[in-house]
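**Student:** Take a look at the letters that make up each chain.
Protein chains: 2
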Amino acid sequence: MNYWIWFPGDFEIYHIMKQNFSREERGFDWPAYWYTSSWNHNVQFTRTYHLTEKTSFTVFAKGKGYVAIKRYLADGSEQIKKFPYEQVITCEPGDVTVEVIVCHLEGLPSIFVSGETVFSDESWGASNYIEHNQPVGGSALFTKKEDNPMEFPYTHEIKAPTKIEVVNGGQLLDFGYDITAKTQITYSEKFEPITLCYGESRTEALDVSDCYLKHVIETPNDSGIEQISENTFVTRLRAFRYIFLPDVNHDSITITVDHQYVDFGGVSQFKSSDKRLNKIWEIADRTFRTCSDIFFLDGVKRDKWVWSGDAFQSYFINKYSFFNKEIVERTILGLRGNDPIQQHLNTIIDYSLYWMISIEEYYQTFGDRKFLEKVYPKMESLLQYCDAQIDEHGFIYGKKDDWVYIDWAEFDICGPLCAEQMLLARAYQSVIAIRQALGKSIADLNVKFKKLISNIHKFYWDEEKGGFIDSYESGKRNVTKHANIFAILFNYADEVKAAKIKHHVLLNPEINEIHTPYFKFWELEVMAKIGEFSYVIEQIKSYWGGMLDEGATTFWEYYDPNETGVDKYAMYGDKYGKSLCHAWGASPIYLIGRYLLGVHSTSPGYESFEVAPQVDLFDELSCILPVGKGQVTIEIEKRQLMVIATVSGGILCLPNQKIPLPKEQKIIIQF
Amino acid sequence: MNYWIWFPGDFEIYHIMKQNFSREERGFDWPAYWYTSSWNHNVQFTRTYHLTEKTSFTVFAKGKGYVAIKRYLADGSEQIKKFPYEQVITCEPGDVTVEVIVCHLEGLPSIFVSGETVFSDESWGASNYIEHNQPVGGSALFTKKEDNPMEFPYTHEIKAPTKIEVVNGGQLLDFGYDITAKTQITYSEKFEPITLCYGESRTEALDVSDCYLKHVIETPNDSGIEQISENTFVTRLRAFRYIFLPDVNHDSITITVDHQYVDFGGVSQFKSSDKRLNKIWEIADRTFRTCSDIFFLDGVKRDKWVWSGDAFQSYFINKYSFFNKEIVERTILGLRGNDPIQQHLNTIIDYSLYWMISIEEYYQTFGDRKFLEKVYPKMESLLQYCDAQIDEHGFIYGKKDDWVYIDWAEFDICGPLCAEQMLLARAYQSVIAIRQALGKSIADLNVKFKKLISNIHKFYWDEEKGGFIDSYESGKRNVTKHANIFAILFNYADEVKAAKIKHHVLLNPEINEIHTPYFKFWELEVMAKIGEFSYVIEQIKSYWGGMLDEGATTFWEYYDPNETGVDKYAMYGDKYGKSLCHAWGASPIYLIGRYLLGVHSTSPGYESFEVAPQVDLFDELSCILPVGKGQVTIEIEKRQLMVIATVSGGILCLPNQKIPLPKEQKIIIQF
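Those protein sequence lines, which keep their order, are chains A and B. Per numbering that gives the first Met the number 0, residue 0 is the first one in the first sequence, and the count goes up by one each step. Per numbering that gives the first Met the number 0, residue 0 is the first one in the second sequence, and the count goes up by one each step.
Fair warning: there could be bad hints in the mix.
Unchecked claim - Capping the alpha-carbon separation at 30 Å, the derived lysine-lysine pairs in DSBU-like fashion look like this:
#1 K80/B <-> K574/A
#2 K213/B <-> K61/A
#3 K69/B <-> K398/A
#4 K439/A <-> K373/A
#5 K637/A <-> K274/A
#6 K17/A <-> K80/B
#7 K17/A <-> K61/B
#8 K17/B <-> K80/A
#9 K528/B <-> K665/B
#10 K475/A <-> K499/A
#11 K81/A <-> K213/B
#12 K398/B <-> K69/A
#13 K81/B <-> K574/A
#14 K61/A <-> K143/A
#15 K213/A <-> K69/B
#16 K628/B <-> K143/B
#17 K450/B <-> K475/B
#18 K449/A <-> K528/A
Honestly, the hints are just simulated from the structure, not real lab data.
Hey, can you work out the whole structure from these sequences and the hints?
**Tutor:** This is the structure in structure tokens:
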């Protein structure tokens, strides 16, 4: 495919910087508070061709530089001819190397070579003058010379409010659900000052003094607006459901919004006889799409930063929603930044570890070995970066400025934390899996992994408490659910220990509950994993259903049924700090898809996969889920199960039976 | 001083990138072919104040972000208030920390805080979220809120040609000497196509098909011009003495140029009874100023890149010309880029070593300990980077992609090169000196230095050849002048060896001559150092005087009296590749100032200095040279020497006598 190319990873580094610099709060900008990798400003692209006939091509570039055509003459000498960009270059037959030199002070050096034989594609190499001949980055989104890799091709839709309410002397516009959009203000006569009060909730929008995003436009020259026609002005991009216009009680102002989003298309469908569950799926899917941009974002109103932990959960949800490969690749590359690495991802050790695990998850999901090869060096260098902070037992500890997060919870943080070691072990396994996929040696890492697992059991397992303790240094023997959840999730507890954990930790009311939906993701997964499907479905229906009862049209960052009134919108000490459209709020999609419908890949790229629906949970069901490049349809009606997949490799797993799913062949089972 | 501040080194990294991306050749841009460090895009600035009374201030910034005011309350809790930029912020008395958060996707994050008590100055700290509380960068050039650190405040002068000649059916404009300028084209009626052929020489400008810089302007929308008034168009910046306008034989087009330069002011004066020498000084000074921009450039027409080797020589010339401290600091910081370092400076090992030596030279010249403290960590990390490629004898060798340059000469490059080891030893000495100045331990480095020196003598000294050989691995025992020049210059040869070197190498016609003016710099210095003053003065008069005879109005990159006609403008395989205004062409200033007038610092910042004029060389002399913050005047007339310095610390050194130079006191000596 002929597309724009760049130094690998630079597109993602450029755009993630833009993204992480886009947060707004109460009238100011709030860049992410971590070290920000820069893309390469100076790049060389090359490709050698054996031309059998005369051919012509043209180079287009973002940046400044030239094109050099190198040819080795019969006498062994090198002939170099240089050309400016945007000029038709004709090459005679023979072996030629085409070199394109591009620098860019402010932006992303990138080129588009257009020609019949000589054109930019994945076969080109890039150098930043340190790393040579790297496989270039490129995207099917940028295939024409008019495209600009610095401007992402979003889909746009101009929307009018679905409802306008006159309230408190002003107008409250309701767009139905959270959207990310620029606000367009059109005056029928001429400009007049206006105040825009945004809200994810009605309450917030109407709270003129305290809403999180407010824009007071006093003059047509306000630096925050752009005039796009004689009487229309446009604001910056913001996420909201409502806009309140205080003191606007006439028709001379029309507000529309330019809704901007990435159209990932539709893959999954979920429909069951349980209307509440259907609604939960629908709202979760909307929530997830709204938070999926160039990268997987945490939420849309507040941070809009790309967090590795949040993104990691999104990778799982993605598999059961729109199943997009490129957003996963972009997020992986953007988060990782460039080498040499100097700080854990988002400053958080666990987030570095999740990143490593995500590479294995990526491979299992998409099976793309080429991407593995590209990202592998950065996986190894991150591993080395982590290895530099490992103690004699093999445990990773936080060095100065590192954040050992795991979750918002009261851990005994004296010494290395158990949950962190579980993640480290899991990360080792992922590196081992990737090395195996690439045919590399795993011996050294296997030794490390075994030592680590053995020491985890030796230092953290508390037989008396029936679970893993947070930390062994303090002597407090504090037990929280986190490490124990990981132990089961990652298969680090044998049956005996797992049973103890279930009894003494997971189902023990004396152990502190998981408070955050972030970690509830793993908790519910573990409950599903140990077969507590009814518990999971009930949790989904009560927790997410509870938000529906509150009128949610997207799922929230956090929900506590006991919080009422305006309190329920507060978080992080901010009256409207809570995000009401948050990626991890979409976790029912994963839980339902992965465990209740039981669809999952068992070899890279769904070459083989299982479909293990919990048929007893559903009276009627009609759903479609992605399985790699195909789809599987699962239908239940009158205690009859029908499964059909558009690709081969599937196995239908039911209690005590496994039935192959030949491609395009309906399997019907009565139960 | 209240000035704009930035993360230390970032201003220089930003501008050196701009500079190294500014080269133009035959219609295309030619960025420097090495790895290009990026500045930090995300920065936090902080300063804690103990406010005794209420005070107000305003923050201006390049970039996006906010201002946070942090205050610890009586109960120990922290109170944070956030404000947008450009808003008056009022603080009550007490201890407050002012934090300014700035990100910038395309440019340099920088701030200007304006207020009576709270204002941006050198007392602020900066963080890039990895390195915290670094002493900020700032410059006396950016002291007003309207200033923009991304735009250097050049001096501009609109110039008309000094001479217009009608030739070959067109007009040849002569501006007298090389200048860096934008060309302004004013049409008396309306736009018409025009071709601009630039030349540093008349020959080049008139060579319409082959001149190095040519601009064919076909339409008023040409992307290379900017319309600045109804009938005036301006080109990009180029360096030239001549512009030829082919086919322009009427008055409807007027060409003026917008000469852009950094006005370093005047310090030195040189006037003697030898008019040729005076002219050489004058032309050298012009050459040097023309090549001195934000950074010390190699030349102005061609590369315009900042090369560490070239800059190193400029540091020496600067001391005897305009004595500017800031350009040295900017060049040092820009060349070094940021940590972690990933490539030798300009890819050349010697250039990394010169950089380390330059820090000691800087300190000896300017005595600024604060700058030392800022740059010291980068000196150590560069040392470590070099140390990673040292063999068991302590010798530095080139790793893949490193360029072991030293000079354009035929070295025996089998194994580590002797001259490179001399530079390494000299670099060790510089790090030792700087560590001593900063009160740090030198023990480890002393050991390394001694081992290295001892091995240099053991492996490279050839008693029979009476000199140091290039390399010991091949067995060829090849002798070139380079290592031997360094041995004397750096005092690594004792008297016996030095005498042998002088006889068997330096004055031996069988040893290849030094061809490049770059290394001739060191060769002439060595000849001066060993007392061959007449040789030096004669060389200056013949080599540089030879260029004057060729009509030079600035000094060239290279001069060979045997080259005639158009051939003398060729270099690097390009018909007009030679730079006719090249920084190292100004070396007579250094040779005269340092050796013939004998002025030099003997302790940091010229706290003590020597004045050792070679009185017998001059019939009459009247000159002023900088000595740190003061100046020394040296006059000779009728065998009478008068010396007076505006600062104390000087010693007048004459054969067999040393006379203190008390401040502002004339010393008169008959000889």
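**Student:** Each hint should be assessed against the structure and marked as holding or not.
**Tutor:** How the hints compare with the structure:
1. Among the hinted pairs, K80/B with K574/A is consistent with the structure: their alpha-carbon atoms are about 15 Å apart, no more than 30 Å.
2. Among the hinted pairs, K213/B with K61/A is consistent with the structure: their alpha-carbon atoms are about 23 Å apart, no more than 30 Å.
3. Annotation: proposed proximity of K69/B to K398/A holds, straight-line Cα distance about 26 Å (limit 30 Å).
4. Annotation: proposed proximity of K439/A to K373/A holds, straight-line Cα distance about 15 Å (limit 30 Å).
5. At most 30 Å may separate the alpha-carbon atoms for a hinted pair to count; K637/A and K274/A meet this at roughly 17 Å.
6. A C-alpha spacing of about 25 Å is found between K17/A and K80/B, which places the hinted pair at or below 30 Å, so the restraint holds.
7. Taking the CA atoms of K17/A and K61/B, the gap is about 16 Å. The hint holds against a cut of 30 Å.
8. Under the criterion of a C-alpha separation no larger than 30 Å, the hint pairing K17/B with K80/A is consistent with the structure, at around 25 Å.
9. Distance hint between K528/B and K665/B is fulfilled; the C-alpha atoms sit about 28 Å from each other, no more than 30 Å.
10. For the given pair, K475/A sits about 20 Å from K499/A by alpha-carbon distance, which is consistent with the 30 Å threshold.
11. A C-alpha spacing of about 15 Å is found between K81/A and K213/B, which places the hinted pair at or below 30 Å, so the restraint holds.
12. Restraint check: the Cα-Cα separation between K398/B and K69/A comes to about 26 Å, which is no more than 30 Å; the hinted pair holds.
13. Taken as a hint, the K81/B and K574/A pair is honoured in the structure, with Cα atoms around 15 Å apart against an allowance of 30 Å.
14. Proximity of K61/A to K143/A is assessed by CA-CA distance (about 13 Å); at most 30 Å being required, the pair is judged to hold.
15. Straight-line distance between C-alpha atoms of K213/A and K69/B comes to about 24 Å, which keeps the hinted pair within the 30 Å bound.
16. Restraint check: the Cα-Cα separation between K628/B and K143/B comes to about 26 Å, which is no more than 30 Å; the hinted pair holds.
17. A C-alpha spacing of about 24 Å is found between K450/B and K475/B, which places the hinted pair at or below 30 Å, so the restraint holds.
18. Between K449/A and K528/A the alpha-carbon distance is near 24 Å, which keeps this suggested pair within the 30 Å criterion.
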